[in-house]
Amino acid sequence: MREVFADCGVTEFVVDDHSGAALPGLSHPAAAAFIEAVGGTPQPKYGWTDVSRFSSLGIPAVNYGPGNPHLAHRRDERVDTAKILAGRSGCAPG
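Following the working numbering, the numbering of the sequence shown begins with 1355 at its first residue and continues without gaps.
Worth flagging that the hints you see were computed from the coordinates, not collected in a lab.
Some clues are possibly wrong.
If you anchor each label on the Cβ, the simulated ranges turn out as follows [said to hold, decoys possible]:
no.: 1; residue 1: R1432; residue 2: L1377; range: 16 to 22 angstroms
no.: 2; residue 1: V1364; residue 2: R1428; range: 26 to 32 angstroms
no.: 3; residue 1: E1431; residue 2: T1365; range: 37 to 43 angstroms
no.: 4; residue 1: A1360; residue 2: I1413; range: 25 to 31 angstroms
no.: 5; residue 1: E1357; residue 2: W1402; range: 27 to 33 angstroms
no.: 6; residue 1: P1414; residue 2: A1360; range: 31 to 37 angstroms
no.: 7; residue 1: A1436; residue 2: Y1400; range: 20 to 26 angstroms
no.: 8; residue 1: A1360; residue 2: L1425; range: 18 to 24 angstroms
Heads up, the beta-carbon is just placed ideally off N, CA and C, and yes, glycines get one too.
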């Protein structure tokens, strides 16, 4: 940050990195279009993610990915290959 803003005379930064929970934004046109494009049924995501940060700024965002969220970020985290491929095809253009 100091390097990026050195020419601006900024010498001090305060990092305020907190945001509340993100409410479901499934009715937002961008989210609705995403859901229609990838298919399936939206499921709740429990726990904090960067979607909260975007939501607090009024930017529509969704969590999307394969696997069981209860297995995420654990020593035995795993995802079936078929689910990875299905998630990938959901994001493919066209």
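Here is how each hint holds up against the structure:
Evaluation of the 16 to 22 angstroms hint for R1432 and L1377 yields a failure: the beta carbon distance comes to about 30 angstroms. Distance hint check: the CB atoms of V1364 and R1428 are about 40 angstroms apart, inconsistent with the given range 26 to 32 angstroms. Distance hint check: the CB atoms of E1431 and T1365 are about 41 angstroms apart, consistent with the given range 37 to 43 angstroms. Distance hint for A1360 and I1413: a CB-CB separation of about 28 angstroms, consistent with the stated range 25 to 31 angstroms.
For E1357 and W1402, the Cβ-Cβ distance of about 30 angstroms falls inside the hinted range of 27 to 33 angstroms, so the restraint holds. P1414 and A1360 have their C-beta atoms about 34 angstroms apart, which keeps the hinted 31 to 37 angstroms range intact. The hinted window of 20 to 26 angstroms between A1436 and Y1400 holds, with their beta carbons roughly 24 angstroms apart. At roughly 44 angstroms, the beta-carbon separation of A1360 and L1425 lies outside the given 18 to 24 angstroms, and the hint is violated.
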